[in-house]
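Enquirer: These are the residues of each chain, in order.
Number of protein chains: 2
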Amino acid sequence: MTTTTYQNSMARRVHGVPQSFIREILKAASNPGMISFAGGLPNPGLFPVKELEACTTMVFQKHGLKALQYAETEGFYPLREYISKRYKQRNNLDISPDQILITNGSQQALDLIGKLFINPGDKVLVERPAYLGALQCFAMYEAAFLEAELEEDGINTTELQDNLINHDIKLFYGVPNFQNPTGISYSAEKRKKIAEILAAYETIFVEDDPYGEISFTNRIEKSVYSYLPRQTILLGSFSKIIAPGLRLGWMVANPEIIKKATILKQASDLHSGNLTQYILYEFLKRNDIDKHIGSIASHYHHQRNIMLDALHHYFPSSVQYTQPQGGMFCWLKLPDPLAARDLLNKALQEKIIFVPGDTFYALNPDQHTLRLNFSNVEELVMVSGLKKLGSLI
Amino acid sequence: MTTTTYQNSMARRVHGVPQSFIREILKAASNPGMISFAGGLPNPGLFPVKELEACTTMVFQKHGLKALQYAETEGFYPLREYISKRYKQRNNLDISPDQILITNGSQQALDLIGKLFINPGDKVLVERPAYLGALQCFAMYEAAFLEAELEEDGINTTELQDNLINHDIKLFYGVPNFQNPTGISYSAEKRKKIAEILAAYETIFVEDDPYGEISFTNRIEKSVYSYLPRQTILLGSFSKIIAPGLRLGWMVANPEIIKKATILKQASDLHSGNLTQYILYEFLKRNDIDKHIGSIASHYHHQRNIMLDALHHYFPSSVQYTQPQGGMFCWLKLPDPLAARDLLNKALQEKIIFVPGDTFYALNPDQHTLRLNFSNVEELVMVSGLKKLGSLI
Numbered sequence: 188m189t190t191t192t193y194q195n196s197m198a199r200r201v202h203g204v205p206q207s208f209i210r211e212i213l214k215a216a217s218n219p220g221m222i223s224f225a226g227g228l229p230n231p232g233l234f235p236v237k238e239l240e241a242c243t244t245m246v247f248q249k250h251g252l253k254a255l256q257y258a259e260t261e262g263f264y265p266l267r268e269y270i271s272k273r274y275k276q277r278n279n280l281d282i283s284p285d286q287i288l289i290t291n292g293s294q295q296a297l298d299l300i301g302k303l304f305i306n307p308g309d310k311v312l313v314e315r316p317a318y319l320g321a322l323q324c325f326a327m328y329e330a331a332f333l334e335a336e337l338e339e340d341g342i343n344t345t346e347l348q349d350n351l352i353n354h355d356i357k358l359f360y361g362v363p364n365f366q367n368p369t370g371i372s373y374s375a376e377k378r379k380k381i382a383e384i385l386a387a388y389e390t391i392f393v394e395d396d397p398y399g400e401i402s403f404t405n406r407i408e409k410s411v412y413s414y415l416p417r418q419t420i421l422l423g424s425f426s427k428i429i430a431p432g433l434r435l436g437w438m439v440a441n442p443e444i445i446k447k448a449t450i451l452k453q454a455s456d457l458h459s460g461n462l463t464q465y466i467l468y469e470f471l472k473r474n475d476i477d478k479h480i481g482s483i484a485s486h487y488h489h490q491r492n493i494m495l496d497a498l499h500h501y502f503p504s505s506v507q508y509t510q511p512q513g514g515m516f517c518w519l520k521l522p523d524p525l526a527a528r529d530l531l532n533k534a535l536q537e538k539i540i541f542v543p544g545d546t547f548y549a550l551n552p553d554q555h556t557l558r559l560n561f562s563n564v565e566e567l568v569m570v571s572g573l574k575k576l577g578s579l580i
Numbered sequence: 188m189t190t191t192t193y194q195n196s197m198a199r200r201v202h203g204v205p206q207s208f209i210r211e212i213l214k215a216a217s218n219p220g221m222i223s224f225a226g227g228l229p230n231p232g233l234f235p236v237k238e239l240e241a242c243t244t245m246v247f248q249k250h251g252l253k254a255l256q257y258a259e260t261e262g263f264y265p266l267r268e269y270i271s272k273r274y275k276q277r278n279n280l281d282i283s284p285d286q287i288l289i290t291n292g293s294q295q296a297l298d299l300i301g302k303l304f305i306n307p308g309d310k311v312l313v314e315r316p317a318y319l320g321a322l323q324c325f326a327m328y329e330a331a332f333l334e335a336e337l338e339e340d341g342i343n344t345t346e347l348q349d350n351l352i353n354h355d356i357k358l359f360y361g362v363p364n365f366q367n368p369t370g371i372s373y374s375a376e377k378r379k380k381i382a383e384i385l386a387a388y389e390t391i392f393v394e395d396d397p398y399g400e401i402s403f404t405n406r407i408e409k410s411v412y413s414y415l416p417r418q419t420i421l422l423g424s425f426s427k428i429i430a431p432g433l434r435l436g437w438m439v440a441n442p443e444i445i446k447k448a449t450i451l452k453q454a455s456d457l458h459s460g461n462l463t464q465y466i467l468y469e470f471l472k473r474n475d476i477d478k479h480i481g482s483i484a485s486h487y488h489h490q491r492n493i494m495l496d497a498l499h500h501y502f503p504s505s506v507q508y509t510q511p512q513g514g515m516f517c518w519l520k521l522p523d524p525l526a527a528r529d530l531l532n533k534a535l536q537e538k539i540i541f542v543p544g545d546t547f548y549a550l551n552p553d554q555h556t557l558r559l560n561f562s563n564v565e566e567l568v569m570v571s572g573l574k575k576l577g578s579l580i
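Respectively, the protein sequence lines represent chains V and R. Under our numbering, the residue at position 375 of the first sequence is numbered 562, and the numbers go up by one with no gaps. Under our numbering, the residue at position 58 of the second sequence is numbered 245, and the numbers go up by one with no gaps.
One or more of the hints may lead you astray.
Since the list can't tell identical chains apart, any single copy or any two copies may satisfy a pair.
As the list claims (entries may be wrong) - Here are the simulated BS3-like cross-link-like pairs (lysine-lysine), alpha carbons at most 27 Å apart as the crow flies: (1) 472 with 249; (2) 472 with 253; (3) 275 with 377; (4) 253 with 237; (5) 379 with 214; (6) 214 with 253; (7) 575 with 380; (8) 409 with 380; (9) 253 with 538; (10) 310 with 447; (11) 478 with 237; (12) 446 with 214; (13) 380 with 446; (14) 272 with 214; (15) 237 with 472; (16) 253 with 478; (17) 447 with 272; (18) 275 with 409; (19) 447 with 275; (20) 249 with 214; (21) 237 with 249.
Worth flagging that the hints you see were computed from the coordinates, not collected in a lab.
Construct the entire structure; sequences and hints are all you get.
Expert: Here it is as structure tokens:
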């Protein structure tokens with residue numbers, strides 16, 4: 188081997204991968220004394236450590252040998268059954284365990300979807316702005332991105348329709364509940380409308396829903412899946428409602444898709460962590476999950492209120508921001524000509540960090556936007572951080 | 188959506204995926220009363236259940252919040268450090284933690300390697316026969332396979348050389364220690380020779396080593412990696428030496444490759460199970476690992492002896508078989524014209540099951556071969572099963 192790097196050997200798909208600016212930011216965020224609005228982490232104070240510990244002891248004592256052995260690619264059957272039943276109870280959705288594949292968080296579901304559907308150059312429509320992890324994942328399969336604006340009540344359906352008319356779109360990826368990075372949720376009308384529009388095409392809607400249960404209201408909006416099950420792949424995750432370190436999520440789809448995705452998953456990593464699936468299932472079975480999730484939602488709700496109050500008091504009125512009804516993020520738009528990266532440079536000197544919004548666009552980044560996380564910042568720190576940030580603008 | 192299946196929407200790569208006959212076989216193998224030589228499972232009786240349980244309690248009590256949170260894509264640093272130190276102690280290899288990426292078993296490392304290097308149509312050289320999981324994984328990246336014969340002392344190096352002269356080969360994938368499916372190990376001479384041959388090309392050697400520590404002798408052969416580190420990616424796994432249900436393995440490579448693979452892994456599933464990495468690290472730190480692995484090797488050695496004795500006594504001398512010095516498999520060649528699938532059909536009537544060897548070939552399957560697993564069959568059952576099987580031939 189005579190070359191000095193491996194660039195020549197590497198596959199074409201690798202060259203298109205966007206650099207993750209967020210990785211760099213998160214490293215800076217871990218510096219001592221830094222006030223970080225940058226992360227996307229759930230609040231560890233709400234992890235059910237004691238309960239998981241008790242369940243783990245139980246798993247080792249009752250199922251040790253099975254939990255430590257190789258297992259089915261589809262995932263632990265009782266866990267898939269639990270997810271199926273919860274959809275019925277919470278959303279009145281009929282989803283059989285055969286329609287559920289357990290994955291390593293919903294990120295792996297995105298990867299399997301990319302593998303299953305995207306040929307190089309295939310068109311993928313995303314929200315503007317969009318979840319960065321999906322952009323990175325689909326970029327790896329050499330997707331050609333298209334965007335439609337994410338408005339206060341969800342994606343612009345005229346843009347969606349126009350894109351579908353003008354392009355052959357393989358996948359449309361969206362996060363209808365408390366989106367990352369904006370915190371925006373789709374209205375009931377838009378969800379229905381999206382299903383109506385999509386029904387005339389072959390485009391598959393990837394409905395990513397990691398935050399749906401972290402709701403600050405009692406409303407449960409119907410999923411696009413509920414209107415258009417054959418054409419929707421619905422993703423869920425235990426990362427925000429139990430703990431991300433377990434690395435468990437799931438994919439719901441037509442059994443034909445699940446069957447193929449299972450073969451792809453087998454070739455990718457055989458199956459998800461078996462011990463952790465046993466532990467998680469014991470936890471779900473033995474605890475009041477609604478109560479547990481309710482306490483997370485109520486805590487984040489309080490954090491969000493603190494954030495919105497501080498934005499209201501300490502930020503100039505020319506700064507626009509979303510009013511998230513759930514999830515972990517708030518989205519800001521700075522007045523022209525102030526760019527978020529310039530603000531970040533000043534903020535870093537004050538030991539404050541956030542993610543500039545330009546990172547979250549598939550195509551033409553808006554330099555004036557930024558994302559603030561409210562789930563994992565302590566109340567007093569949040570107030571003093573936002574006060575300083577407001578004075579910098 | 189008007190089509191009745193998703194075939195039109197699915198990516199080209201999916202159509203090339205070989206059906207896993209093994210999945211079907213393993214389902215049959217779980218029928219009650221079935222004597223199974225078909226699996227590739229470690230013996231669960233040797234899982235350190237009690238010790239892992241104790242470590243888990245410790246992890247929850249000392250590191251609960253951290254172990255349950257999101258973590259670095261590279262993997263838990265102390266675990267990578269442990270692997271680094273073990274390579275130094277056991278193999279006298281200098282591998283820094285920065286050269287190690289934690290993966291979901293070595294299967295995910297194969298997937299990341301496919302993603303990183305294989306463009307559709309790129310040539311990948313494999314052993315004849317080869318590990319099925321690698322064939323499935325690389326097929327997904329639309330690799331064009333080439334084969335070189337696996338002889339008693341390793342791959343035929345003349346064929347290797349000829350292939351390299353005649354083709355532009357991206358990857359050469361092999362399992363030099365106690366290969367699956369054959370149990371064959373490469374001689375010291377061939378390892379060195381392979382490194383010498385490869386050095387003149389840009390081909391990367393993927394040296395998969397899940398069984399290396401399960402050795403029935405005191406010899407530790409040098410890895411091809413030790414001769415040619417810049418051009419080799421070395422894979423390891425905790426599945427056979429601790430427990431597969433943890434889903435943890437690793438990839439060793441030049442830091443430049445690891446850096447890219449880490450970005451790909453981030454897009455694939457963010458990181459491997461964090462809780463399980465903490466548990467595994469505690470286990471490795473607090474236990475005599477050499478003793479633990481020694482007891483597995485000694486048990487499998489005994490099982491292998493029983494198998495070879497039974498093959499010697501109950502099988503016609505026209506049946507050829509390997510003499511594995513480690514690992515979990517023995518490989519048989521039936522005399523012409525007896526096909527392994529025909530034998531399997533007869534064996535199934537006697538409630539005996541094994542994997543016909545044709546499954547393990549990238550190109551032209553040899554119908555007369557079959558794989559027998561000896562790690563997970565009880566002694567008396569093994570003898571009676573092989574006696575029956577011998578009488579069927």
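Enquirer: State the violated hints by number, sorted upward, taking the hints as numbered earlier in the document.
Expert: Those not satisfied are hints 5, 7, 13.
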